[in-house]
Amino acid sequence: MIRLFATLLMVMVLLFAGSAMAKPAPEFELDDLEGDTYSLDDLVEEHDVVLIDFWEVGCIPCNKLLVYLNEYYDELKDDGLGMYIISRDTSLTESGVEPFFKTNKYPWKVLRDGDQEVSKDYGVKASPATFIIVDGEIVYQHYGYSNGQEEEIYEAIKGALAGEDLGELEERK
Amino acid sequence: MVSAFRAVGAGLLVLLLTPATLFAADDTVGSSDEIWSMMYEESGGSSGSTVEEAIRKFYWEGEEDLGTYPPSDLWDRNFELRRRMPPTLDWSGRMDFRYSDDDISGIEKWEKELELFGDFGRWDAMFRFSDINNFASQEDPFRWEKARIRFRDGKWKVTAGSYGTTWGKGLAVNMFESKILDFDNEAEGIKAEYEDGPGRVEVIYGWDKDRKDDPQEFEIGNSNKEILGARGEYKVNKQLSVGASAVNVQFPGYENTVDNPQHLDYDLVGGDVSYREGDFTAYYEYQTLRRGVRDWASSLYDFEGTDGKANYLNVGYFGDSYSLVGEYADYQGLDHPFNTLPPLRRWQEAATADPDDFVGYGGLLTWNPFNDGSYFQFSYEQDYKRELPEPHDEFGVSYFSPNYDGFNWIIAHWQVYEKFVNHDQTKLTLAQQLSDDHSVGMVLEREEVHLDGQPTSIDYIGELDYAFRSEFGASYLYERTGAETSDGKNEWRIWEFKYHPDEDQEWHLSFGDRREGYVCSGGICRLEPAFDGLKAEYLRRF
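So the protein sequences, as listed, match chains A and B. No gaps in the numbering here: position 89 of the first sequence is 535 in the numbering used here, and each next residue is one more. No gaps in the numbering here: position 402 of the second sequence is 1676 in the numbering used here, and each next residue is one more.
Pulled out of the complex, with its shape left as it was, chain B reads as follows (with noise of 0.2 Å):
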């Protein structure tokens, strides 16, 4: 079954990849002087033309343009001629530098990355090397980190290297990285999409980024993680559209020893409809999984069998000053490297879903009463896993002001229930703009934390922060806590400057100690480590 599935995702690579390859079409004029020649002899072959004279001539026939510069319709038919030029290499990048001494860990490293883009009528690439590791008490190795090379044409876009890509709500299949968390799904290896009216197919094969660098993966020496997929798209009309994948996925499984090697198998199917309709919208989606290596998933999915499921709703309703947007996620055995399910959770610290084991609903209320550029947000969220029954609650109210010449403030209360631990927390961030040039912020935070059988402990943190228009800015951030941490510390202060000469270079410069933490980005977190030192990092780009 598994082989065959292979055999099919393979052979529909290869028939998606032979017609873009073979049969992209050549719209281009041969080169320049083509195109000059051409526009001398239908401009009535005047001499002594310059470029904008002749391209007047060539599309706008000697018309005036009386209005601002540059005149639109000439720009527009320029435009037009620079699409029809012979392709030109264009290419860009950015380097960074960066220096961190870190007492905790007794970490000082010197890391760099040079990232390169380059463009080539249908073809584009970026090349990545680097070490950075944006923990400072973490190192990576200086390696070829990402290469990708990318073909378009009309309906074709076939992409060989790096590449992430989601699939519905990622149930199945969601690869992306984030650099400020030093989190990365992508895979290597080829994607081709194609796209024709309302249909679109994307097949996908590849494994994951070596991580020669993971210690547990490379003493193992077993660390393949493959993917080979395919989805389908299809617009029925204006308000529905539906989507079907199928998925197979094989990785080393947890248990996983050099004298013992031990492959997961996986196959995903699941589809998913979306449907709008006015103000209205909804989507749901549903995976099935099914394990290859029925051994080992029983010895861990012993609950309604050892397969897996996911379903996901989203149902949303914007009215004339809010909307209110509800979702419903149960997952179960779904967990696998190249996926990553919506978490339903708002509080930054648990933005995580299990997606071997989750179930939750939750609702987001947005509401504009004013209209004046303020808004008020509510939002509750309720979720509990199969095999732990214990509920976690959270519920989260925030404002917004208008802009009041220049003075803006947020406030935003959350409080969280779990059966250990309770959090109540209250945030006020505040922003004055001083004149032109100067500009002040603030930002107080008060947290109350219980802990099953301990005393509360409250947590405070404050900042301050001054800019000089883009070019400068300080920061200075405190943190207390009543309970003090493992290290014996209960406050933390951590100084930030930046320098901005320019948009094309950045100097950052900060030292201090900051407490250990979660560090949450686009419903990712990971706990960055306890930090007592300096970091120091140039950027540049070009």
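Only chain A is shown next, with the shape it has when bound in the complex (with noise of 0.2 Å):
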């Protein structure tokens, strides 16, 4: 019976679903590297742009993505981005995640979500996923992260402040 009814959800789902349009993204409540806790509450209030970046220990993709994401919110700060670091990192590999931003300065401050919760809201099931949320919708998302894939993510971050809309974002593709 749940096979049937799933089945025939997923066909409806399938053939109604709309795509481009803004989602609410999902609330949370997390702790930074010095135990301070911030919501999602807190960082849309804060910045006009909220960039989100899901990162974990050893993902070679998710540390070279930061490099030019490092680039971008130099640039783009000042004009209201806000970019925070989620780290999906569970208490097995949880010590090496200080040492890397430490070490390598980089200004953004780093949540924690060991057991991954709100990886699961914002359906993450790999590093890195990158979201930028506006006045609390996620108007852009990327998942993974390949060579030559940043220019995208800029081009929705300048979209973003601009005020451009997801379907708008899309189309600067």
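Do not rely on the hints blindly, as some may be mistaken.
[Stated by the list, open to error] So the derived label-pair ranges between C-beta atoms look like this:
{"id": "1", "chain 1": "B", "residue 1": "1764", "chain 2": "A", "residue 2": "608", "range": "53 to 63 Å"}
{"id": "2", "chain 1": "A", "residue 1": "524", "chain 2": "B", "residue 2": "1773", "range": "30 to 40 Å"}
{"id": "3", "chain 1": "A", "residue 1": "475", "chain 2": "B", "residue 2": "1683", "range": "33 to 43 Å"}
{"id": "4", "chain 1": "B", "residue 1": "1693", "chain 2": "A", "residue 2": "551", "range": "36 to 46 Å"}
[Stated by the list, open to error] Capping the alpha-carbon separation at 27 Å, the derived lysine-lysine pairs in DSSO-like fashion look like this:
{"id": "5", "chain 1": "A", "residue 1": "571", "chain 2": "B", "residue 2": "1483"}
{"id": "6", "chain 1": "A", "residue 1": "551", "chain 2": "B", "residue 2": "1701"}
{"id": "7", "chain 1": "A", "residue 1": "555", "chain 2": "B", "residue 2": "1509"}
{"id": "8", "chain 1": "B", "residue 1": "1701", "chain 2": "A", "residue 2": "571"}
{"id": "9", "chain 1": "A", "residue 1": "571", "chain 2": "B", "residue 2": "1386"}
Note that these hints are calculated values from the structure, not bench results. Treat the numbers as computed from the prediction; the structure is a model and nothing was measured. Using N, Cα and C, we set each Cβ at its ideal position, and we do this for glycine too.
Build the complex: two chains, separate frames, hints provided.
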């Protein structure tokens, strides 16, 4: 019975689901490395555009992307861009998180999602995954990273800062 | 003792739940009409106003914003307004369809997964139906895999259904799911969290996911694994925080049969302390485990008594251009279904610590001498088992280059020594962006494996990648070993293609063969069986 119900539901969703629409960003409350708590509300209230990047220790594509995100952040932080890292590391690999960010002098707050509950809420199964949130809504999302994809993320950030909606951001690709 | 322990836990759970659900504050207004009339009156009752104009008049008193759109002040006020609006039902989800045909196992399978997320005010929910197993040679039944409903209200958060959690560094409780590895030790049940100022309390009660697909558990017919526990944390000041937990776990023993059911009953009690002062951090956790079934325990744990205990220490110093982290761990008889412990090992194929018997120490030095985005990492680790005091030593060094106009490279070298096998591995990763649209990458890996009493074998892995923006990617992976495997092969090749027409759709296709090997993610490793065939996937987010 469950099988039949789920199969019908999947067919319905596949036929009728829309894609080019902003989705509400799942709320979260996470501690940073210093133990201070941040909620999505805090981030959205503080910045016009919030970029959150799901990251893991030892994830080479994640680290490559961070180099570019650092450049973009330097350029656009004064225009209203806020950026936060969500570390998906469980306690098994957590000991490598702080050394990486402190030694590389990255300026962002690193929020810990050790039980990966927030990752699950955002549908993140692997790192990196990048979300741009405006006014509590996800206006852009990007899963994974390979060389060259940073340009698209940069365009999306600039578009979000200029007030473009998801459809317009998609057209920029 | 155990029943009292569980009764106290259950009572505490009720205490936590009652005020959360009965006395939840209601700070939203009744309806959008109410908000609109309030705004209409206070903005002077002008007719024909747009929503933006009304918001501007209500919150902003007609001040003009000459900056970029959207005006940030208006935005903030708009956000405030949204928070006061009556809740709406929002939902999203994901669907995954997969096909695989594996010649080695002879398994051809069609798989599907549907995940739905819903949000309504203080409530949110998640459901997942799935029969996906990431390994082509293993099949899962189609089942209601996850379901969760969550209630949040200020200091309270209550979750019913599937949940994960980590207490301290996970010595007592560490439950999470890794889809990539098909690893899941999350519980199903109820979790209540309360946070007020510097204090935080979490109470959990649950049981393991229904693994009727696990043949062993299904045949035994006695698979219940239960957990009940409570944890308290208190931030004494900015520098110091402490935590304590008590957990009861019950699960079938390894000799459990239908005729002779064997339920183990463990009580874990422990605490942790975390200290941070400037560039220095320290963390220490201690756990004890008392076994309820002494007959069983004494046959396996004949060292230092039958009960378990664990120590974990982590200290770190973060200097201007370097950081140093040291770890020490001593685990003894602490294995149960709902914990996973820090492994200390950093070389991927061995990144799992045995909770029943593990003693080790290690260090990680990260060094950024040039301040140009490049850095070095050096690590060393040694561990051994009390039952088998043959040390595992590993040394790793890696360098991550800066980005030179779209070109970057990484080199890593590992040396791993054990009594019967040594590994000597070097890996070079290169990436070059050719233009705004095109980029290429290459990975070269060489690994010498010295098996006791056998000639040294040398394995090579080469990978070529091409990507056209985010839309298309292709990769070719070639692997060769100097020693034939049990199936008589010494070469493997696999092609992979990805197509992302937009951020809500992904197509994946791969074909070829792949050697058996460890797949590791986040400190967990699983042995992936050899594969020869075809895999296809369509993923749709909505």
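Do the hints match the structure? See the list:
no.: 1; hint: B:1764 to A:608: 53 to 63 Å; verdict: 56 Å, holds
no.: 2; hint: A:524 to B:1773: 30 to 40 Å; verdict: 37 Å, holds
no.: 3; hint: A:475 to B:1683: 33 to 43 Å; verdict: 39 Å, holds
no.: 4; hint: B:1693 to A:551: 36 to 46 Å; verdict: 42 Å, holds
no.: 5; hint: A:571 to B:1483; verdict: 19 Å, holds
no.: 6; hint: A:551 to B:1701; verdict: 26 Å, holds
no.: 7; hint: A:555 to B:1509; verdict: 20 Å, holds
no.: 8; hint: B:1701 to A:571; verdict: 26 Å, holds
no.: 9; hint: A:571 to B:1386; verdict: 16 Å, holds
Going through the hint list in order, the structure satisfies each hint without exception.
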